[in-house]
Amino acid sequence: MRKLLLAATLAASLPLAGHAQTAQELMAGSQKDTADVLNYGMGYNLQRYSPLTQINRDTVKHLVPVWNYSYDDNKSEESQPLVYKGVLYVTTNSATMAIDAKTGNQIWKTKVEYPAETPRIVCCGIINRGLALYDGKVFRTTLDANVIALDAKTGKEIWRSHVIDFKDGYSQTVAPLVADGVVITGISGAEYGIRGFIDGWDPDTGKHLWRTYTVAGPDDPNGKTWPGDTYKHGGGSTWITGSFDPELHTVYWGTGNTGSWNPTQHPGDNLYTCSVLALDPKTGKIKWHFQFSPNDPYDYDSVAEMVLANLDVGGKPTKVVMDANRNGFYYVLDRTNGKLIAANQYGHQTWAKGIDEDGRPIPSEVTDKVRKGEAVDVWPGAMGVKNWSPTSYDPQTGLVYANTLYFGMHYKPVDVQYRAGLPYWGADIDWIWPKGPRGFLKAIDPLTGKSKWEVPSDIPRFSGVLSTAGGVVFTGKLTGELEAFDAENGHKLWQFKTGSGIEGQPITWEQDGVQYVAVSSGIGGVYDLFAGDERLSKVPAGGSLWVFALAK
Amino acid sequence: MRFAACVVAATIFFTLSLPAWPHNAPEPPPSKAEWEKGAEFFRDICSHCHGPHMVNPGNGSFDLRKFPHDERARFFNSVRNGKNSMPPWKDILRPDEIAAVWAYVRTGGVEPK
Chain L
1 MRKLLLAATL AASLPLAGHA QTAQELMAGS QKDTADVLNY GMGYNLQRYS
51 PLTQINRDTV KHLVPVWNYS YDDNKSEESQ PLVYKGVLYV TTNSATMAID
101 AKTGNQIWKT KVEYPAETPR IVCCGIINRG LALYDGKVFR TTLDANVIAL
151 DAKTGKEIWR SHVIDFKDGY SQTVAPLVAD GVVITGISGA EYGIRGFIDG
201 WDPDTGKHLW RTYTVAGPDD PNGKTWPGDT YKHGGGSTWI TGSFDPELHT
251 VYWGTGNTGS WNPTQHPGDN LYTCSVLALD PKTGKIKWHF QFSPNDPYDY
301 DSVAEMVLAN LDVGGKPTKV VMDANRNGFY YVLDRTNGKL IAANQYGHQT
351 WAKGIDEDGR PIPSEVTDKV RKGEAVDVWP GAMGVKNWSP TSYDPQTGLV
401 YANTLYFGMH YKPVDVQYRA GLPYWGADID WIWPKGPRGF LKAIDPLTGK
451 SKWEVPSDIP RFSGVLSTAG GVVFTGKLTG ELEAFDAENG HKLWQFKTGS
501 GIEGQPITWE QDGVQYVAVS SGIGGVYDLF AGDERLSKVP AGGSLWVFAL
551 AK
Chain V
1001 MRFAACVVAA TIFFTLSLPA WPHNAPEPPP SKAEWEKGAE FFRDICSHCH
1051 GPHMVNPGNG SFDLRKFPHD ERARFFNSVR NGKNSMPPWK DILRPDEIAA
1101 VWAYVRTGGV EPK
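Note that the protein sequences, when read in sequence, are chains L and V.
Residue numbering for the first sequence follows our numbering, beginning at 1 and increasing consecutively.
Residue numbering for the second sequence follows our numbering, beginning at 1001 and increasing consecutively.
Check each hint, because a few of them may be wrong.
For lysine-lysine, the following PhoX-like pairs were computed, each having C-alpha atoms within a straight-line distance of at most 25 Å [stated by the list, open to error]:
1. L:K224 - L:K207
2. L:K319 - L:K538
3. L:K316 - L:K167
4. L:K538 - V:K1083
5. L:K111 - V:K1083
6. L:K207 - L:K167
7. L:K450 - L:K497
8. V:K1037 - V:K1083
9. L:K339 - L:K287
10. L:K497 - L:K102
11. L:K32 - L:K85
12. L:K85 - L:K111
13. L:K285 - L:K319
14. L:K167 - V:K1090
15. L:K412 - L:K372
16. L:K167 - V:K1083
17. L:K412 - V:K1037
18. L:K538 - V:K1066
19. L:K412 - V:K1032
20. L:K319 - L:K32
21. L:K412 - L:K452
Hints listed in this document are in silico derivations from the structure and should not be mistaken for laboratory results.
Pulled out of the complex, with its shape left as it was, chain L reads as follows (with noise of 0.2 Å):
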């Protein structure tokens, strides 16, 4: 009987041993596995860089879409697909799909319902950025903040765990991520008066096993940074996944602005918004915080991605962890510590006259104003330098490729009163627009903050973007094309027409001697629903995912 119990668990056990992933496996990266892209990010460190050649600037000019798969769904496409041997997974806000990654056929698509109601505590789009895979399973979000496991062969449910209940503002777009064995995932609403909070879940069970709050409370020795009660509706999302650096056992993850934004309403450093924290995957606790932005009134949010490398400062190689902030400062931070190592402008600003050796940024002008109550125009304007799109970093080039953004705004706090379910912005914004392009893809020195090239787009991209070892660089504009760029100097090297936007991120892998490329198309982010900009009047909506190739 023992035996023939043995011997079912090994049967049942086998079928999933295909799909195994390991932490290993997750820790390799795709710059030492090209076969896979195993998280959001391509790699623990976040670079989105390939060593893959196949592609390069000589042989690009031949790239040729090999497949094209239906969404069907016609909301903002901004995930990015996993590619784990042979399998490409991918998420729109409605599904979880698992598609033969060289033939582009549909293996499993799993829905997701979320109820009627939700949308309305979304700001900036119907969104999901991506999944992850660990140990046979794909863990996604959804947009009514719940975290679920599907089987990774299947796309059968395995668990699902309630976050929190979404009526009181409260998101899930956020890709989750799988550190020491634990899956980690943020949260949306920091225009809807959410106190936000990054939690760690048992991925076998789904079991909840911490919660870090992003707004310090009374508990909190930081909790004196908000008074009275205003950290109940403090903000801090955390909707873009963090790093993790597995030697010193550490998570990297970027928090959001205040709730509201008008900073006179919750007078204090208000930590630990606007910042990142450094965190033991295992338990949540924070090990340090370095806080961007304080009593941060213009949305200058700190969630974007966290870049991990190592660097050379002042002939000493060093770990660090690397921001281009929305505020227009890029960051360089040592990640054993949370010291200051480098900030400097990447773009155009007015609201600090500079950061000082602490890293505290010296208010300008215009926020002294901002900070009495006072009307202002101020730059960058509440969608920053940088959004939410990821940049990479080339480890051969020492760059970082950023989609840059160049608009101001007028900026007027309000009083607002907190009602559940609603925005508590607390601040009447006007776009500022410059006459010409309104973005560049800029090729930074994340020391110096000056761009090797720029090149401009009137309309500016909110696309990842993708750097290889053959010195290409991807990425996409709203107008629906996926651009190739020489690494070197900017060179538009190709480019190929989608249906609709690209909003989302665009990965490469290595399968049976041919290096592919893929992206999602699909428009409805915050730029297309809030900028006001009628030229993308003529971009149709339409989610698919497009995969290129060399021609043969």
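Could you slot chain V onto chain L? The hints should help.
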């Protein structure tokens, strides 16, 4: 007591969502106060999807500048019950708030004199 509250709410909604003017006559222009309330409400609650001052490309959300200015019942129905990407709001927005936004939308965002 709850029943009474429901009756009051239903009556208010009925009054606000249905024409209070003669059948077949055009809806009279909104008061300046109602329009201002609607403009502020639109800015705070609606503009992040429908664009600042209702200016948007119309591919990710409805271009409200194209909403017919004489279809009050359709507007109330879309806001209350949702339509396409528009979520339903009836359990959270008060009828007077929807009426104020309607005042803003049906004037094309142009303040009455």
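Taking the hints in turn, this is what the structure says about them:
1. L:K224 - L:K207: With Cα atoms ~32 Å apart, K224 (chain L) and K207 (chain L) exceed 25 Å; violated.
2. L:K319 - L:K538: Not satisfied, since the Cα-Cα distance of roughly 45 Å exceeds 25 Å.
3. L:K316 - L:K167: The hint is violated at about 50 Å.
4. L:K538 - V:K1083: Holds. K538 (chain L) to K1083 (chain V) sits at ~22 Å (cutoff 25 Å).
5. L:K111 - V:K1083: holds, 20 Å
6. L:K207 - L:K167: Holds, at roughly 23 Å.
7. L:K450 - L:K497: The hint is violated at about 31 Å.
8. V:K1037 - V:K1083: With a Cα-Cα distance of about 24 Å, the restraint between K1037 (chain V) and K1083 (chain V) holds, given a limit of 25 Å.
9. L:K339 - L:K287: Distance of about 13 Å is within 25 Å: holds.
10. L:K497 - L:K102: Satisfied, since the Cα-Cα distance of roughly 21 Å is no more than 25 Å.
11. L:K32 - L:K85: Measuring from Cα to Cα gives roughly 15 Å; hence the hint holds.
12. L:K85 - L:K111: holds, 23 Å
13. L:K285 - L:K319: Given pair K285 (chain L), K319 (chain L) holds - Cα atoms ~21 Å apart, limit 25 Å.
14. L:K167 - V:K1090: Roughly 13 Å separates the two Cα atoms, so the pair holds.
15. L:K412 - L:K372: holds, 11 Å
16. L:K167 - V:K1083: Since the Cα atoms of K167 (chain L) and K1083 (chain V) sit roughly 19 Å apart, the hinted pair holds (cutoff 25 Å).
17. L:K412 - V:K1037: holds, 18 Å
18. L:K538 - V:K1066: holds, 16 Å
19. L:K412 - V:K1032: holds, 22 Å
20. L:K319 - L:K32: Within the cut-off at roughly 19 Å; holds.
21. L:K412 - L:K452: Violated, at about 36 Å.
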